[in-house]
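Protein chains: 2
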Amino acid sequence: MDTITSIKGETGRDARRRIRAGGFRKPTAGMAPGYVQGNLAILPKEFAADFTRFCMLNPKPCPLLGQSEPGDWRLPMLGEDLDIRTDIPRYRVWKKGELIEEVDDLKKVWRDDLVSFVLGCSFSFEETLIDNGLEIRHQSCDVNVPMYRTNIECTPAGPFHGPMVVSMRPFKPADAIRAVQVTTRFPSVHGAPVHLGKPEMIGIKDIAKPDYGDAVPVRDDELPVFWACGVTPQSVVATVKPEFCITHAPGYMLVTDLLNSQLAVL
Amino acid sequence: MDTITSIKGETGRDARRRIRAGGFRKPTAGMAPGYVQGNLAILPKEFAADFTRFCMLNPKPCPLLGQSEPGDWRLPMLGEDLDIRTDIPRYRVWKKGELIEEVDDLKKVWRDDLVSFVLGCSFSFEETLIDNGLEIRHQSCDVNVPMYRTNIECTPAGPFHGPMVVSMRPFKPADAIRAVQVTTRFPSVHGAPVHLGKPEMIGIKDIAKPDYGDAVPVRDDELPVFWACGVTPQSVVATVKPEFCITHAPGYMLVTDLLNSQLAVL
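Protein chains in written order, with the UniProt record's numbering: chain A, 1 to 266; chain B, 1 to 266.
Don't take every hint at face value.
Given that identical chains are not distinguished, each listed pair holds provided it fits within a single copy or across any two copies.
To be verified - Below 30 Å or equal to it, Euclidean Cα-Cα: the simulated DSBU-like pairs (lysine-lysine) are:
1. K172 <-> K205
2. K8 <-> K26
3. K108 <-> K205
Calculated from the structure, these hints are not laboratory results.
None of the values given here were measured: they were computed from a predicted structure.
So here's chain A without its partners, still in its complex pose (with noise of 0.2 Å):
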């Protein structure tokens, strides 16, 4: 069993090779430090058409960074060599809306009508606010971040609608507006914030209570910084409950060839 998570100097292809080879099977956070890690949502073709407009329509939550040929495992914008029914650690099935199981690869149930979609993740902003000297709450508690459904809808399309989810992280003031400044350079990985302070305008009760993950403390000396979360995409997909539908086990992303510092674009 491999159970080394972070490896001075390992690429994305390093992270990747390791998973396919069967031995790691933990949360991605922290491998191959720099490189862009992605959400995967994999749906039947004639959901694609549909889900790819959701995407562009909606940004902030969905920020598309790949997407393949139907029945085509290979995402090569992402990675040459990546075959996306292995380059994860842990998958989840879905049938019409229910998790079906979780599985390590996906060979027994690929089939030839499934395309791929890969979308940006907060991993990549967070390592810029870290080498920016701020602090992560829910990394500093060692816990989820923490996510809510908000009353923000998404611009629906076809059958996909819903509410953003967004996740939050505490910052002091100046500390929040250097958090803007930062995640505005990264538009592909959910940009800016789209809410901060006044967690009540956005639908959200109680922050101590998120819809998903931990809760973190927030300081009197604090604002509560809201992202588009990369959760969105996958509620939204919960509500249309398609025949069938993949998508990656929480916290075990899809490794990628793409370094954080080539999606800045300034």
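Based on these hints, arrange chain B on the given structure of chain A.
Structure of chain B alone, referenced to chain A:
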């Protein structure tokens, strides 16, 4: 008497000529739209090195746009024909920290040892905020921007020291995020906010009682957003009480040949 503030197509040079001709004696907000306006501080040369250093150490409240040679009334970096003795509609003359008189030009009080300093002002970024569809509350209320002394100490230089003064504009959270992005592009005119929400954290006891300017309403769904303010150097100079000093009268600024768009770093 020249009573028209805003003339379509007027340049900075046109505006200064109107002022120099003696007819225009009103606040300059709205003159020569698109052109940079600046704060003025004139000091005897024995203070010049320390004041320059103070500005360099405190670039957010004191963004230095231009500086003259001792005794020279020209500032060619801000306007080829610029004459600092005549090109501002109203000046204040100070002795030992006390306001002695307001004058329309400096011809009678000019001295060969005077050094002029022009500092960026918030008019430049307010224009860009409006271009981005944001409402500037004090403009809607037709009053002066509210300004507050904070508990943030400037970095001292020679005799110059004192607290940072900030200006406040209220915005809804999403607009506050946009305002951070927009003003970040303008570091030479105060740049990004220094604080938002939680006025008590920077020593502001009552947002309804500004130390300078006028109070404006902050609604329940808004956050007060605070920028470093060009009143800071005036407040600092007042503390030092130099034997002689000249400033512009509040709101009666220097109109330059620089375009606001030229100040954007991105």
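Checked hints:
no.	hint	verdict
1	K172 <-> K205	both (21 Å within a copy, 18 Å between copies)
2	K8 <-> K26	within (17 Å within a copy, 65 Å between copies)
3	K108 <-> K205	neither (43 Å within a copy, 65 Å between copies)
Violated hint: 3 only; the structure is consistent with all others.
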